[in-house]
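Trainee: Residue numbers (the working numbering), protein chains in the order written: chain R, 1 to 111; chain U, 1001 to 1116.
There may be inaccurate statements among the hints.
Have a look at the derived ranges for each label pair, beta carbon to beta carbon [claimed, not checked]:
1. U:Thr-1002 to R:Arg-51: 47 to 53 angstroms
2. R:Asn-67 to U:Gly-1072: 16 to 22 angstroms
3. U:Arg-1081 to R:Thr-78: 32 to 38 angstroms
4. U:Ser-1066 to R:Glu-5: 44 to 50 angstroms
5. U:Ile-1012 to R:Leu-11: 47 to 53 angstroms
6. U:Leu-1060 to R:Arg-106: 37 to 43 angstroms
7. U:Gln-1080 to R:Lys-57: 40 to 46 angstroms
Below 30 angstroms or equal to it, Euclidean Cα-Cα: the simulated DSS-like pairs (lysine-lysine) are [what the hints assert, rightly or not]:
8. U:Lys-1014 to U:Lys-1057
9. U:Lys-1011 to R:Lys-71
10. R:Lys-42 to U:Lys-1057
11. R:Lys-68 to U:Lys-1057
Covered stretches of chain U (in silico footprint by chain R; criterion: 3 or more residues with CB under 8 angstroms from a CB of chain R, positions within the stretch not fixed) [said to hold, decoys possible]:
12. 1012–1018
13. 1042–1051
None of these hints come from the bench; they were simulated from the model. In this text, a Cβ means the ideal position worked out from N, Cα and C, and glycines have one as well.
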Amino acid sequence: GENVEQHPSTLSVQEGDSAVIKCTYSDSASNYFPWYKQELGKRPQLIIDIRSNVGEKKDQRIAVTLNKTAKHFSLHITETQPEDSAVYFCAASMDVGKLVFGQGTRLTINP
Amino acid sequence: DTGVSQDPRHKITKRGQNVTFRCDPISEHNRLYWYRQTLGQGPEFLTYFQNEAQLEKSRLLSDRFSAERPKGSFSTLEIQRTEQGDSAMYLCASTPPGTGSGNTIYFGEGSWLTVV
């Protein structure tokens, strides 16, 4: 089955700097790669997703890149703000609903 | 609010007791999923339904766990003879029909279970 590895497990950046979180997946059949932000005690919130027919997608300060050959994808957050502090999860799937999640990255934005 | 609804939001139970969680998906969403999330970990898939049919069950779903979706609308997840290791947040989610590029999964707020 699919296995998703996520790094780093914790990340601390200065406000205004960029943050990058990386994930690798094992199943080349996976074609859907969402990223979730989760605040303490809350549900995961989808922040951006990408499908295997594109290599990059951007939404304001957030971008995701996908390298299908290497089976890895990354989340990029630019101009970080204190409200970006949270736990971020990547996931991979052949099916929009049956997701395999990474272990999570705790992002802290220092003012 | 027309999102995925879960009840109860929090449950504290004694070891050995049975608990049941309910999920109401977004109306017209034919697929319903259950996930479990323990502290510090990502959500893990447990099972999913398409309409009333339970199509897949994870190995994580031991014999003490049972899920139903009798009329293809709401679903229940029952845990029998709870153990401390069952303490987690149980997330329900749903997706609309089809596999179009705009489809995504919608998570509920989760049901927190603490087994003491």
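Trainee: With reference to the structure, classify each hint as holding or not holding.
Mentor: Hints and how they fare:
1. One distance hint, 47 to 53 angstroms for the beta-carbon pair Thr-1002 of chain U and Arg-51 of chain R, is violated here, with the actual separation near 26 angstroms.
2. Evaluation of the 16 to 22 angstroms hint for Asn-67 of chain R and Gly-1072 of chain U yields a failure: the beta carbon distance comes to about 40 angstroms.
3. At roughly 50 angstroms, the beta-carbon separation of Arg-1081 of chain U and Thr-78 of chain R lies outside the given 32 to 38 angstroms, and the hint is violated.
4. As the Cβ distance of Ser-1066 of chain U to Glu-5 of chain R is approximately 32 angstroms, the hint placing it in 44 to 50 angstroms is violated.
5. Against the hinted window of 47 to 53 angstroms, the Cβ-Cβ separation of Ile-1012 of chain U and Leu-11 of chain R comes to about 34 angstroms, which falls outside the hint.
6. For Leu-1060 of chain U and Arg-106 of chain R, the hinted distance range of 37 to 43 angstroms is not satisfied, since their beta carbons lie about 24 angstroms from each other.
7. At about 44 angstroms, the CB distance of Gln-1080 of chain U to Lys-57 of chain R agrees with the hint of 40 to 46 angstroms.
8. A C-alpha spacing of about 26 angstroms is found between Lys-1014 of chain U and Lys-1057 of chain U, which places the hinted pair at or below 30 angstroms, so the restraint holds.
9. At roughly 40 angstroms between alpha-carbon atoms, Lys-1011 of chain U and Lys-71 of chain R are farther apart than 30 angstroms, so this suggested pair is violated.
10. Taking the CA atoms of Lys-42 of chain R and Lys-1057 of chain U, the gap is about 25 angstroms. The hint holds against a cut of 30 angstroms.
11. Among the hinted pairs, Lys-68 of chain R with Lys-1057 of chain U is consistent with the structure: their alpha-carbon atoms are about 28 angstroms apart, no more than 30 angstroms.
12. Counting residues of the segment 1012–1018 of chain U whose C-beta lies closer than 8 angstroms to any C-beta of chain R gives 0; at least three are required, and the coverage claim is violated.
13. Only when three residues or more bring their CB closer than 8 angstroms to a CB of chain R does the claim for the segment 1042–1051 of chain U stand; here the count is 5, and the claim holds.
Violated hints, in rising order: 1, 2, 3, 4, 5, 6, 9 and 12; the structure is consistent with all others.
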